[in-house]
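**Student:** Listed here are the chains, written in short residue letters.
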Amino acid sequence: MNRYDVVIVGAGPAGLSAAIEAAKNGMKVVVFDENSKPGGQLFKQIHKFFGSKEHKAKIRGFKIGEELLKEAYDLGVEVVLNAIVLSLHGEKELTVKVNDEVRHVKGDAVIIATGASENMVTFRGWTLPGVIGAGAAQTMMNLNKVRPGNKILMLGSGNVGLVVSFQLMQAGCEVVGLVDAAPRIGGYGVHAAKVARTGVPFYLSHTIVEAEGTDHVTGVTIAQVDEKFQFIPETEKHFDVDTICLAVGLSPMSQLLKNAGCKIVEDPKRGGVVPEVDELGMTSIPGVFAAGDVSGIEEASSAMIEGRISGAAVSEYLGYITKEELEEKIKVNEAALDSLRQGMFAPKNRGKLVEKTDEGIDVSMNLLKKGFVADEEIERFPGVTHRVGIHPVMECTQNIPCNPCQEACKKGCISIGSNITSLPIVVENSSCINCGMCVASCSGQAIFLVDEDLGDGMATVTLPYEFIPLPKEGTKGKGLGRDGKPVCEAEVVSVKNMKAFDKTNLLTIKVPKEYAMKARFFKAV
Amino acid sequence: MDESRRIKEHPIFGITEEKKEVHFTYDGKDIVGLEGEPIAAALRAAGVMVHRHTKKRDEPRGIFCAIGRCTDCVMIVDGKPNIRTCVTPLVEGMEVKTQYGVSDRPAG
Ligand SMILES: Cc1cc2nc3c(=O)[nH]c(=O)nc-3n(C[C@H](O)[C@H](O)[C@H](O)COP(=O)(O)OP(=O)(O)OC[C@H]3O[C@@H](n4cnc5c(N)ncnc54)[C@H](O)[C@@H]3O)c2cc1C
Ligand code: SF4
Ligand code: SF4
Ligand code: FES
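Quick note, the sequences are listed as chains A and B, same order.
For what it's worth, this note's numbering labels the leading residue of the first sequence as 1, then goes sequentially.
For what it's worth, this note's numbering labels the leading residue of the second sequence as 1, then goes sequentially.
Hints are computed from structural coordinates only; laboratory data are not their basis.
Note that the coordinates shown come from a computational prediction; the quantities given were computed from them, not determined experimentally.
Treat the hints with care, since some could be wrong.
What the hints assert, rightly or not - Taking lysine-lysine pairs in the DSSO-like style, the calculated list, with each CA pair at most 30 Å apart, reads:
id	chain 1	residue 1	chain 2	residue 2
1	A	Lys-499	B	Lys-8
2	B	Lys-55	A	Lys-503
3	A	Lys-503	B	Lys-8
4	B	Lys-55	A	Lys-63
5	B	Lys-97	A	Lys-151
6	A	Lys-37	B	Lys-55
7	A	Lys-503	A	Lys-518
8	A	Lys-151	B	Lys-20
9	A	Lys-37	A	Lys-499
10	B	Lys-55	A	Lys-97
11	B	Lys-97	A	Lys-97
12	A	Lys-503	A	Lys-513
13	A	Lys-348	A	Lys-410
14	B	Lys-19	A	Lys-37
15	A	Lys-370	A	Lys-523
16	A	Lys-323	A	Lys-352
17	A	Lys-503	B	Lys-19
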C-alpha cells in the first residue's frame, strides 16, 4: 500500500489548489481524478471567468486549469489520471481503480474535492438519443470537437445553461430557445444578455412536454406552466430540433464522504446533500476535509480559496505549519471568500427575488424574464453614461463578484471599488483612449465603446465578437438590439484583434446616431 | 462520410488540429474516425445516434453524459458487450456493434 501525507480526490480547482498549498508546506501529496484530463469542470470551459484577478478572472477556464496543473507539477505533486476513487474507509484508506487496476493507498489526511454532478429531469421521451446533459454537450464540442447537434433546445437558465448555449453557438450550432420552468432567469444577467442579443428567445415559466421522435430526437414541444408548475392548456409550442440539452442544476458529489461515515446534512443553500464541515472544511471524521463544490455549489474562484484553506488546514493538522501560520493564511483567504459571497447571487440569496441592487437601483425585470435589459431600463445603471467622444458603456446591472473591467482600464475610466460585487461605474473626468482592453476583458461581454455622435448623423459602437465567420471591414448588415432583433442598418468599420484581447475580437460598427444606445450586436446580411 | 458535425474551425480554438484517420466498422459498415477520439465522438460525427436498445422495452439509447457515468452509450466493441463508447478511445480496425440488451442481435 502506498502512503502519502495527504491524498486528494478530484483534480478540479479545489483539489489542485489544495495540493499546491499542501506541497508548498512540504507535504507529500497525491491527487486522483477519474478523467483523462485534469482540471475538473475547468477544462471544458472556454469562456473568460468571473471573479477577481487573484482568482484568475478574465482567463478562460481551460487555461486556468492548465496554470493550476503546472503549478502543482512544479511543486512535485503527483497527479494520477484515469483514477476513480471507489471508497474511503477505516483509517483513511482509499480504494482507487487506475485504468483497470485496483490500488489501495493511505493518507495521514484526506481532502475530498469531487465537485458536483448534473441533475436530471424527466419528461416524455427523455431517454431518446439526442437528449443530453449540458456537460456532455461541452465534452463533445470543446474536447472532442464534434457538434453534439445542429438545432438545439436548452432547458435551464442557470449559469450553466446560459454559458453552454453561448458555447454551442460558438461551435456553430443553432440554439432555438432557452427554456426554464422558473419565472426568472437563474444565472447572471450578463451571461443571459450575450445570448439574447444574438436573437435566441427565452421561454421562462415554460418546460418540456415531450421529446419527439422514434429512434432519436426530431422535435420538442414545450408549454407554459403556472406557479405550481402545472402545464397551462393551449400554450404548447413546437420546435424542430435534433438535440435537447439539459442544464437543470448540479448536486454535490458527497457519496464518498457519506459512505465513509461522515455526517451529512441536507442544505438547499449549499445545493443539496453536503458534508457537515467546520470553518476549515474538516468533516466529522478528523483529518478528512472537503473543499469546493462537494461541500456547496459555488464557483471556481471560491473552490480555489476553499482548496487553499483546506491545504493549509491539513498542513497544520499534520504539523507542517504552526497554528499561527495557519491563522495568518486563513485570515487572508476568509476575507477573500467573504467578499465573493456577496451580491444578488450570494448563497444566502439563493431562490430569492432581489428587487434592488446594493446601490438601491431597481433591478431590470426584463433581464430576469427575457434575458436582456430593456431600452427604457438601461439608462438607470451607473455604467451607462453619455459623453462627448468615445466612452465605455458597461451594461452590467447586477451585483456579481467580478472586477476585471476595473483592472483592465489603465486610464482609470472604470471603477468598482473595493467591494467586488459593486456595479461598475464610469469615473467622472476620466478620458478613454479607445484601447479596447475593457471590452476584451469583460467576462460578461457587457462592455461597449460608444461614440454617440460622429458629426454626420452617425455613431460608432464597438462590441465584443467571438463567433466565426468574423465580419470584415466594410461588411454591411444589421445592428441588432439587446433583444436580438434588427434595429438599424450597420456597417463594420473596424475589426481589432490583439494578443492581449485573448481571442475576443472587437467589432466596431457604424450606425445612425439614434441607435448608439440601442444597437448591441451585428449580423451580416 | 458525413463530416458536417466536425468542428473544423472555432472562434476560440482556431483551426482544429489534424489527427490521423482510422477505419472501423459500425454494424458492419465502414466508417472513418480519428485515432484516439472516443468511439462515441466518431459515431456522432458520422451521424449515428442510437448506441443500444434496452433489454426490457427495446428502447433506443445514445450518448447522455459523455463522461462514463450513465452507461447509456454502451455497445459491443470487438465482441465485448457493455463498453462505454464515450470514454473508450477509437483504434484502427475496431468492430463496433449496436447492443440489444447484452447481445448484438434484437431478441426474437
Ligand atoms: C458551464 C459552467 C460554467 C462555469 N462558469 C464559471 C465561471 O465563469 N466562473 C467561476 O468561478 N466558476 C464557473 N463555473 C463553476 C466552476 O467550474 C465550479 O464551481 C468549479 O469547477 C468547482 O471546482 P471543484 O474543484 O470543487 O470541482 P470540479 O471542478 O467539479 O472537479 C472535481 C473533479 O473530481 C473528479 N471526481 C469526482 N469524483 C471522483 C472520484 N470518486 N474519483 C476520482 N475523481 C473524482 C471529477 O471528475 C472532477 O474532475 C462554471 C461551471 C460550469 C459547469
Ligand atoms: S477603451 Fe481603454 S481607455 Fe477606454 S475605458 Fe476601455 S480600457 Fe479604459
Ligand atoms: S462589466 Fe466588469 S464586473 Fe461586469 S461582467 Fe464585465 S468585467 Fe465583470
Ligand atoms: S454517455 Fe454516459 S457513460 Fe457514455
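**Student:** Could you run down the list of hints and mark each one as holding or not?
**Tutor:** Cross-check of the supplied hints:
1. A:Lys-499 / B:Lys-8: The hint holds at about 22 Å.
2. B:Lys-55 / A:Lys-503: violated, 48 Å
3. A:Lys-503 / B:Lys-8: Distance of about 17 Å is within 30 Å: holds.
4. B:Lys-55 / A:Lys-63: Violated, at roughly 43 Å.
5. B:Lys-97 / A:Lys-151: Roughly 27 Å separates the two Cα atoms, so the pair holds.
6. A:Lys-37 / B:Lys-55: violated, 33 Å
7. A:Lys-503 / A:Lys-518: holds, 25 Å
8. A:Lys-151 / B:Lys-20: holds, 29 Å
9. A:Lys-37 / A:Lys-499: holds, 26 Å
10. B:Lys-55 / A:Lys-97: holds, 28 Å
11. B:Lys-97 / A:Lys-97: holds, 27 Å
12. A:Lys-503 / A:Lys-513: holds, 29 Å
13. A:Lys-348 / A:Lys-410: violated, 34 Å
14. B:Lys-19 / A:Lys-37: Measuring from Cα to Cα gives roughly 18 Å; hence the hint holds.
15. A:Lys-370 / A:Lys-523: holds, 20 Å
16. A:Lys-323 / A:Lys-352: violated, 39 Å
17. A:Lys-503 / B:Lys-19: Distance of about 24 Å is within 30 Å: holds.
Of the numbered hints listed earlier, those contradicted by the structure are 2, 4, 6, 13, 16.
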